[in-house]
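A.B. asks: Sequence:
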Amino acid sequence: MSYVYKYPRPAVTADCIVFSRYPKPQVLLIRRGNEPFKGEWAFPGGFLNMDETVQECARRELEEETGLVVQDIHLLGVYSRLGRDPRGHTVTPAFLSIMDYPLDVCGGDDAAQAQWFPLNQLPVLAFDHGEIISDAMRLFSQLEGYQ
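FYI, in numbering that gives the first Met the number 0 the residues of the sequence shown are 0 to 146.
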């Protein structure tokens with residue numbers, strides 16, 4: 000049976016924010032290969048498939064865009080501000096993963112590049128990822144006991 004809804008529905012994406020602890024705290028970012036924000040830096044993430052959970056989506060997108068596989072992810076927050084994505088109303092649960100050391104990564108799928116950045120040397124981020132990284136850094140600092 001197929002359903003037709005009277006009301007439009009937002010798109011759902013999932014992002015994965017990955018921090019490494021040593022030798023200094025860093026975050027993994029991808030350079031976007033497609034519009035919107037082509038060439039700008041963002042978190043690995045993308046649209047939810049109909050046959051997966053948001054956690055599975057976050058892990059899949061991370062692996063597709065960077066080659067990195069993680070199992071341990073934790074919900075950071077849900078971001079749904081109107082206008083956060085120029086393609087339309089998009090709701091994004093963002094997940095946090097913390098690893099000891101930055102592993103080798105390589106841009107794949109629709110990511111032109113993947114790279115680790117020191118937390119004190121971040122580029123300008125696409126979408127509302129500047130807001131999300133602030134939340135992620137606050138939680139990371141609390142969890143890791145940084146001031």
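Honestly, the hints are just simulated from the structure, not real lab data. One thing to keep in mind: the hints can contain errors.
Cβ-Cβ distance ranges computed for the label pairs, FRET-style [claimed, not checked]:
| id | residue 1 | residue 2 | range |
| --- | --- | --- | --- |
| 1 | Q54 | Q120 | 28 to 34 Å |
| 2 | V11 | G32 | 32 to 38 Å |
| 3 | V3 | E130 | 32 to 38 Å |
The structure displayed is predicted, hence computed values, not measured ones. Idealized CB from N, CA, C, for every residue including glycine.
A.B. asks: It remains to establish, for every hint, whether it holds in the given structure.
C.D. replies: Going down the list of hints, with the structure as the test:
{"no.": "1", "hint": "Q54 / Q120: 28 to 34 Å", "verdict": "30 Å, holds"}
{"no.": "2", "hint": "V11 / G32: 32 to 38 Å", "verdict": "21 Å, violated"}
{"no.": "3", "hint": "V3 / E130: 32 to 38 Å", "verdict": "35 Å, holds"}
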